[in-house]
Amino acid sequence: MSTHREKLRIDDLHAFYGESHILHGIDMSVMQGELVTLLGRNGAGRSTTLRAIMNMVGRRTGSININGTETINMPAHKIAHLGLGYCPEERGIFSSLNVEENLLLPPAVRSDGMSVEELYEIFPNLYERRYSQGTRLSGGEQQMLALARILRSGANILLLDEITEGLAPVIVQKLGEVLVMLKERGLTILLVEQNFRFAAPIADRHYVMEHGHIVEEVHAHELEAKTELLNTYLGV
Amino acid sequence: MATFLGINLFGLFGQLLVGLINGSFYALLSLGLAIIFGLLKIINFAQGAMYMLGAFAAWLALQYLGLNYWAALVVVPLAVGLVGVLMERFLIRPIANEDHLYSLLLTFGVALMLQGVFTHMYGSSGLSYSIPEALSGGTKLPFMYLPDYRAWIICASVVVCGLTWWMIEKTKLGAYLRAGTENPQLMQAFGINVPLIVTLTFGFGVGLAGLAGVMAAPIYSVSPDMGSNLLIVVFAIVVIGGMGSIGGAILTGLAMGVIEGLTKYFYPEASNTVIFLVMVIVLLLKPAGLFGKEA
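Protein chains in written order, with UniProt numbering: chain A, 1 to 236; chain B, 1 to 295.
No lab work stands behind these hints: they were computed from the structure.
Model, not experiment: these values are computed from the prediction.
Glycine is no exception: its CB is placed at the ideal position from the N, C-alpha and C atoms.
For lysine-lysine, the following DSS-like pairs were computed, each having C-alpha atoms within a straight-line distance of at most 30 angstroms:
{"no.": "1", "chain 1": "A", "residue 1": "Lys-226", "chain 2": "A", "residue 2": "Lys-174"}
{"no.": "2", "chain 1": "B", "residue 1": "Lys-172", "chain 2": "B", "residue 2": "Lys-293"}
{"no.": "3", "chain 1": "B", "residue 1": "Lys-172", "chain 2": "A", "residue 2": "Lys-78"}
{"no.": "4", "chain 1": "A", "residue 1": "Lys-78", "chain 2": "B", "residue 2": "Lys-170"}
{"no.": "5", "chain 1": "B", "residue 1": "Lys-286", "chain 2": "B", "residue 2": "Lys-170"}
{"no.": "6", "chain 1": "B", "residue 1": "Lys-41", "chain 2": "A", "residue 2": "Lys-78"}
{"no.": "7", "chain 1": "B", "residue 1": "Lys-293", "chain 2": "B", "residue 2": "Lys-170"}
{"no.": "8", "chain 1": "B", "residue 1": "Lys-293", "chain 2": "B", "residue 2": "Lys-41"}
{"no.": "9", "chain 1": "A", "residue 1": "Lys-78", "chain 2": "A", "residue 2": "Lys-183"}
So these bits of chain B aren't anywhere near chain A, every CB distance computed over 10 angstroms:
{"no.": "10", "residue": "Gly-14"}
{"no.": "11", "residue": "Lys-41"}
{"no.": "12", "residue": "Ile-43"}
{"no.": "13", "residue": "Ala-61"}
{"no.": "14", "residue": "Trp-70"}
{"no.": "15", "residue": "Leu-78"}
{"no.": "16", "residue": "Val-85"}
{"no.": "17", "residue": "Tyr-102"}
{"no.": "18", "residue": "Leu-104"}
{"no.": "19", "residue": "Ser-124"}
{"no.": "20", "residue": "Ser-128"}
{"no.": "21", "residue": "Gly-137"}
{"no.": "22", "residue": "Thr-139"}
{"no.": "23", "residue": "Ala-255"}
{"no.": "24", "residue": "Leu-262"}
{"no.": "25", "residue": "Val-282"}
Isolated chain A (complex conformation):
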């Protein structure tokens, strides 16, 4: 047995929204404690990959193995209980709930989630505004809340969709520190990211997507050698 356990393995994943065929046979895997990014242009299928893992797309075929369990035919509400925490691109803060209710909302999927006190320590802004309506928070605070609530649930595989989008540099930096801290604690992270400069220093590997395919896999140590190739794919 290898020291790195495979937490997520996807084989020949196809996903559909109604008639549109979005993902065309994705193969990828993420090991325990790894931070892997999905890079690519808008519409390449990165968010759909995360949504397909959570069974939030119309239809999907292929194989998605989470922690050794095949989930392709599993109902959506059972998937989180395998230890997954999903943070959607639009953050999904509930306006009918206050900050603390939002934080306490996701049920525990594993027993060793972070405590509310610990999370308030990491994100003091949330503590100060704990009785505010969830959607009254600033974009950065909402992002912290969206991240904090899945950490409380005890999820140890995090699927994070564009968490730095539209945020001020100081908040992006804070989120980067939090991700590094989570990685040190052994959490597994799959990150959809537009901001390559944010992702590059903290990620172990990158998958590059285009038109619903994975077109390139880049390890952290290959970044320099493959910079030009990445620039072509990402158009930066």
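Please build the complex by placing chain B on the supplied structure of chain A, with the hints as guidance.
Showing chain B alone in chain A's frame:
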């Protein structure tokens, strides 16, 4: 006769009491509707029929099973709630992805069928159900006589509505419900079985109508059209309170009962229309309803 500024206080308080009683039923029924609409976006036209079903179930339980009022108060809402659960699971869920008009027509059809069946079996003249012994007395107040049963209805309705409000607004289960309304897909991704919550909530909302039916049996006659008469008024109340607003439905229900009672005293000819007049004014000034959130 006691008068104040030319107002007959006995008559006024009498009508206020009738208004509060009606308001209690409005509140229970519109609360159920608001919960169902709020979570499922289903306009449940069968809510009136479920109220009628509750009253008939109480009558039948007494007649054939010897179940008294107090037992019916517990058993009937559960039974009616179960009817709601089955209805959601097997009739409404299959068309859940269609336009809301489909579920509206479907529930309307269910209501007409139930009403037809009960008319066929028991006629339309109405059956009587006697007030439970313990509540058959009354209290003499300065300006009116307050029958115990009516006092009980007002108290019970306020308590049930209050508890329901507390459960939805202040508990974890309520948070699931509110969040599930807002973003069901994300709630599924958090590991919550949203379809199950939807079914149980529908059952609960319908069960409230069943409870109102049991409470109504001793004071209104138990008849097949008792629900359809009430339903349109209750819909107007939900619109005034703000579609989907839980607290709004409760407060508006009680308030509209009182307004109706006052109108009955001051200008009886308008008492059947006053609620709709309020609805028109509210829709013109605040289209989302008094307690509704602007879209």
